[in-house]
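Chains as they are written, first to last, in the working numbering: chain Y, 1 to 354; chain F, 355 to 708; chain V, 709 to 1062; chain L, 1063 to 1416.
No lab work stands behind these hints: they were computed from the structure.
Any given hint might turn out to be false.
Distance condition first, Cα-Cα at most 25 Å in a straight line; then the derived SDA-like pairs of lysine to any residue [stated by the list, open to error]:
| no. | chain 1 | residue 1 | chain 2 | residue 2 |
| --- | --- | --- | --- | --- |
| 1 | F | K670 | Y | V170 |
| 2 | L | K1096 | F | N440 |
| 3 | V | K742 | F | K670 |
| 4 | V | K1029 | L | V1232 |
| 5 | V | K1016 | L | V1339 |
| 6 | L | K1337 | L | K1380 |
| 7 | L | K1386 | V | E970 |
| 8 | F | K672 | L | G1094 |
| 9 | L | K1370 | V | Y749 |
| 10 | Y | K324 | Y | D99 |
| 11 | V | K983 | L | K1380 |
| 12 | Y | K34 | V | L910 |
| 13 | V | K896 | L | G1316 |
Simulated coverage check for chain L against chain F, where a stretch passes if three residues somewhere in it have a Cβ under 8 Å from a Cβ of chain F [claimed, not checked]:
| no. | region |
| --- | --- |
| 14 | 1090 to 1103 |
| 15 | 1254 to 1265 |
Chain Y is nowhere near these chain F residues, computed Cβ spacing over 12 Å in every case [claimed, not checked]:
| no. | residue |
| --- | --- |
| 16 | N426 |
| 17 | E500 |
| 18 | N540 |
| 19 | T632 |
Where is the CB? At the ideal position from N, CA and C, for every residue including glycine.
Number of protein chains: 4
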Amino acid sequence: MSSMTGNKIKISVFGQSHSEGIGVVIDSLPAGKKIDLEKVYQFMERRAPGRSILSTQRKEADKPEILSGLVNGVTCGVPLCAVIRNTNTRSADYNNIADTPRPSHADFSGFMRYNGFNDVAGGGHFSGRLTAPLCFAGAVCMQVLEEMGIKIQAHILRIKDVSDESFNPVSVAEMNIGKKPFPVINEKAGEKMRAEIDKARLDCNSVGGIIECAVTGLRAGLGNPMFDGVENMLAKNIFGIPAVKGIEFGNGFGAAGLFGSENNDDFCIENGEIKTVTNNSGGINGGITNGMPIIFRAAFKPTPSIYKEQNSVSIKDKTEKKLKIEGRHDPCIVPRAVPVVEAVTAFTILDMIM
Amino acid sequence: MSSMTGNKIKISVFGQSHSEGIGVVIDSLPAGKKIDLEKVYQFMERRAPGRSILSTQRKEADKPEILSGLVNGVTCGVPLCAVIRNTNTRSADYNNIADTPRPSHADFSGFMRYNGFNDVAGGGHFSGRLTAPLCFAGAVCMQVLEEMGIKIQAHILRIKDVSDESFNPVSVAEMNIGKKPFPVINEKAGEKMRAEIDKARLDCNSVGGIIECAVTGLRAGLGNPMFDGVENMLAKNIFGIPAVKGIEFGNGFGAAGLFGSENNDDFCIENGEIKTVTNNSGGINGGITNGMPIIFRAAFKPTPSIYKEQNSVSIKDKTEKKLKIEGRHDPCIVPRAVPVVEAVTAFTILDMIM
Amino acid sequence: MSSMTGNKIKISVFGQSHSEGIGVVIDSLPAGKKIDLEKVYQFMERRAPGRSILSTQRKEADKPEILSGLVNGVTCGVPLCAVIRNTNTRSADYNNIADTPRPSHADFSGFMRYNGFNDVAGGGHFSGRLTAPLCFAGAVCMQVLEEMGIKIQAHILRIKDVSDESFNPVSVAEMNIGKKPFPVINEKAGEKMRAEIDKARLDCNSVGGIIECAVTGLRAGLGNPMFDGVENMLAKNIFGIPAVKGIEFGNGFGAAGLFGSENNDDFCIENGEIKTVTNNSGGINGGITNGMPIIFRAAFKPTPSIYKEQNSVSIKDKTEKKLKIEGRHDPCIVPRAVPVVEAVTAFTILDMIM
Amino acid sequence: MSSMTGNKIKISVFGQSHSEGIGVVIDSLPAGKKIDLEKVYQFMERRAPGRSILSTQRKEADKPEILSGLVNGVTCGVPLCAVIRNTNTRSADYNNIADTPRPSHADFSGFMRYNGFNDVAGGGHFSGRLTAPLCFAGAVCMQVLEEMGIKIQAHILRIKDVSDESFNPVSVAEMNIGKKPFPVINEKAGEKMRAEIDKARLDCNSVGGIIECAVTGLRAGLGNPMFDGVENMLAKNIFGIPAVKGIEFGNGFGAAGLFGSENNDDFCIENGEIKTVTNNSGGINGGITNGMPIIFRAAFKPTPSIYKEQNSVSIKDKTEKKLKIEGRHDPCIVPRAVPVVEAVTAFTILDMIM
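Make a model of the complete structure from these sequences and hints.
Okay, here's the thing in structure tokens:
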């Protein structure tokens, strides 16, 4: 389902790329929280397209309308619904794609899932455009979290072969990276990343990357064992972002190549508090927070929409066919996905806290 | 919670390492399925300890007793409960650990989660022993899946710096690896892996690794968009296995370093069926199966229990303290985790199919 | 939550009486179903106010706008969202009620639930107006059910002391009562009921009643034991309708006064099919359908909004206070609740069938 | 499912009347709660059979064994599992019933649900015996509630045509009825009830009844709007008790015959607290508690197992057939159901409070 049913909060995302509108219902937000909508829109701006030559040129008027859930800007406890209108609706030129699925898109799997009744226009419900309501929901939840002293920030760790510095997993709370237009720690790496993206663009190609995210200010003892831990819930929800193909916490896949003595986080006392010297666990043991920052990384595949000619098929005729994708597409969605990762993290964590 | 509430099947795991017993309730299995308990026990044997010098020497009598849900060996549709007795119960010598948490275990996070009332004996509910009921549940579900022509198999892809060959993601269905005592594709790599583990053991240390798993025989069109797709549900449940710190599908993190033209899976027609030439997507697009094998990899950190002296603290006194772990522990849990990965995959997939 | 999370379908209702809009998201409808929106609007008309002197005079333009989920009038499998605009929004004259709760309304309990941040205007989220999106969702689901030969119909069984005939629990499938403007079996009883309602209206009072509902065309074997049976799920959801205070299936409370020999439903063979001679069970045994019509009754309390002066309090001052309710209110909501009962039944049953 | 998935607590009941054992897993109990098992067993004794001539003569050794979740009698936060052994297992003499369903039992609907693979022996999973684990779970939860000052008590309100006095809905907290062997307020009515039951017994028949339950000590503001309110959740779970065919809150069905002015609960100030003068709402408005006692009534049909000859069918042959039920059965299950109603109420309320 396109609904995230947490223990406390429920998020229902709706809409297709070319339907009348898209949006989200957030059920069971705490009552009495002042929501600064201007800040919400600014957050959403970070994912909006058209900010640079590196992202799709399609202009969106993504300003959401609040239909319910706020009274004078304050949550009243019942479902908050926000709607974003689609201006491009129902264009007729998708019949093409309906029968000729784009490689590594959800066109074919969606066709099979919905017996051919899936909405293909602009990617339908699987479009990256659906991350706008995710950002809305996350931005609202983030304001509630900030009030509790919890901070969520993400940056681009890698684009193709260019890597940024990693977060310092112990002291990341002191960093303030989130709102940069191209969020990296090392600006030089950022420049090289932009060059990689531009190169791919000029070559009618696309590139993938990795986003690293940190949650700081969380108390120890959050989460539940086995299937309902912080790793489980974050993983479940982060895979809800289109193009994510992997997630790892702390040392993650790197831990596979280490000795226990290298990977274990020794305990220490710091200002009378129990801490760990290192944070290879990414802040989580047994699914439960240990008070250190949560650190995770999500892998994004390269945008499957590329302008090079590709091999597809006719679903109807069961014959092979060439496909050339038209329209405007990001050569790399990773920069715009940074706030999306933060947003999904925000509502997942808020759900676990409540 | 220690319960996996799927769309159709529910798995409730219970027990602590030193409680009277451990077990699992599987609610909503399809009725009328003949369960071969001998095969279930053989499957469980693959994870049982004490099979070699490389795993813990503790002897378990892990034969589960079926309390309900079967009539003459056939599922009757109502909850199936299996119980495994613990023979080592309530030993008194864990007071030590109760106040001195083992680095990178759930001792400390569990203490904080349960206000100091967590059961620490043998790791309590967080013990690897709790994977025995997971294996039971998975082995039962796997028999139902096999009847539908669905096959699940996993192998050790990596131990420390030694790698096995990867599954051929297109033709893995033809492989039969699952039941080897030390499941690898390349036996030479397997020997080196065992040497790595033994080296760590002799050094009072431990090592991590990666398990790769493939599901074949699934039709296209399984799963749901956004938060309820196959990747979401597998990720959520696989993180329920102790020591897992990462998961990736298809090219996974590797996709971050590729061009779209390299990562996209071209379509083709094979024997009148729509297939993809490559399977970089790991069988899933938009959360929904595309008919190709599901391929994923899970990263396991090195066993946190090592015999070297480590730095811990006294929770009560808030002072630093040395800790030396006693008892018997696997220097590497990866070999025994292979059937666990298969088992969790089995009940996740069965839930999505029903 | 204002979300009904079934096994398959999820319904999220949002909106307050005076927010910008109200609406519903229906997640996981089957794909490929042609929805006749004209029929949906006609169904919603049955609950719309202002149809007679017996219901509130407020005019609503309740025509919903479909934001997503349909392509050319056919479900595409992803969430369907419908929005109804509120034309009366944010009137300032509710400060009164905010501090002086109306007896037997949710003003006080809502105040306590949301720490005083609840939206009181027009009853907020607890307003009967929120049954419009329920009707929308039900009307859509009913079209899917009708295609399967399943029929849902309800009638007014009682208003104050006037009773209609009960459905014949064995042969109700042949009846066609649903769409009458004042749905009763016995028109004479209907006249007397209307007289009762009018009498209450003239006396600045209100009256309650009972609605009886039948579902026919269902196969035997639907539902699950214990907490997830048809009775459980219908009860859970029917209590989501404002003013419902009781529900009973088959003989219901009447069964308490019977001998087993009177209440048991003997089996018989009819046209080669297994049936029961009577249907005192209301079509359900052990939470599971037995193939006979489902019959249940829901009790509605009298509208708590009456024009007589009542005793209330000032929440702030903790002093007693008189309250006189203004505005327009139905002297009896039972007639308009008939389609609401059918609607909630429709999505509950569809969820259980899928 | 036989699992109650609340917002916080999850209850999984398993077992059949003649399987090896029956039991329950309670997931997510708060940690650190001392559970007095002796009191739990005493509570369970209240539902145990064989206490008088009025209940079934079958002797049970219903003492549950605790497999997990307690350390030295204190909850440790992880799943608590209790198992009760069945001593009568797998008797061969149920082949009869397998093909000849008992009227108004779940034999036929269960057969259809599970394609003939349902366990019929002793009623299988649908047996009243499965209420023993419900009582266990409830008794544990009740101890947690009692610590918070919350009291749950129920009594027999009616057997056939004999009625007990109703609880005083305003002052019921002062009453102490729960532990009487035959729980009624008016002992004379109790005597007449026993006479009714005995009469039915001697006539090879059975009788139904009504149980009334009160929850006191709850704060106002508990519950959620629409589908997740206190009425919804109690109704959903109470219908999990075999033989329940109706539930009503406060005035319930009686409210249908009242004017608003009669049914509304005026507010008043009592010792500086906001109360209502009457409690016709049964403590709940809009699904949310208002601070007054929760009052509800559940209707129980007469035991469907009677010794008189009844009309059944052969499922296989599709022919009509006479059936005479053997074995020992309660002529009225209402007295033994009183603690079951309290138990289900207890875990439902605890789930909503946490």
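Consistency of the hints with the structure:
Note on F/K670 and Y/V170: the hinted pairing holds, with a Cα-Cα distance of about 23 Å set against a maximum of 25 Å. About 23 Å separates the Cα atoms of L/K1096 and F/N440, which keeps this hinted pair within 25 Å; it holds. The suggested pairing of V/K742 with F/K670 is violated, with an alpha-carbon distance near 66 Å, which exceeds 25 Å. Under the criterion of a C-alpha separation no larger than 25 Å, the hint pairing V/K1029 with L/V1232 is consistent with the structure, at around 21 Å.
A C-alpha spacing of about 17 Å is found between V/K1016 and L/V1339, which places the hinted pair at or below 25 Å, so the restraint holds. For the given pair, L/K1337 sits about 60 Å from L/K1380 by alpha-carbon distance, which is inconsistent with the 25 Å threshold. For the proposed pair L/K1386 and V/E970, the alpha carbon gap of about 16 Å is at most 25 Å, so the pair holds. Taking the CA atoms of F/K672 and L/G1094, the gap is near 22 Å; set against the 25 Å cutoff, the hint holds.
With a C-alpha separation of about 53 Å, the suggested pair L/K1370 and V/Y749 falls outside the 25 Å cut-off, and the hint is violated. Among the hinted pairs, Y/K324 with Y/D99 is consistent with the structure: their alpha-carbon atoms are about 13 Å apart, no more than 25 Å. With a C-alpha separation of about 10 Å, the suggested pairing of V/K983 with L/K1380 holds against the 25 Å cut-off. Distance check on the hinted pair: Y/K34 and V/L910 sit about 44 Å apart at the alpha-carbon level, beyond 25 Å; violated.
At most 25 Å may separate the alpha-carbon atoms for a hinted pair to count; V/K896 and L/G1316 meet this at roughly 23 Å. With 3 residues having a beta carbon nearer than 8 Å to a beta carbon of chain F, the region 1090 to 1103 of chain L meets the requirement of three or more and the stated coverage holds. With 0 residues having a Cβ less than 8 Å from any Cβ of chain F, the region 1254 to 1265 of chain L misses the three-residue criterion, and the hint is violated. With a least beta-carbon separation of about 31 Å from chain Y, F/N426 lies farther than 12 Å from that chain, consistent with its non-interface assignment.
For F/E500, the requirement that its beta carbon stay farther than 12 Å from each beta carbon of chain Y is met, with the minimum near 23 Å. Taking the minimum C-beta to C-beta distance to chain Y, about 17 Å, the non-interface status of F/N540 holds against the 12 Å cut. Under the 12 Å C-beta cut-off, the non-interface status given to F/T632 relative to chain Y is violated; the minimum distance is some 9 Å.
Taken one by one, the earlier hints fail for this structure at numbers 3, 6, 9, 12, 15 and 19, listed in ascending order.
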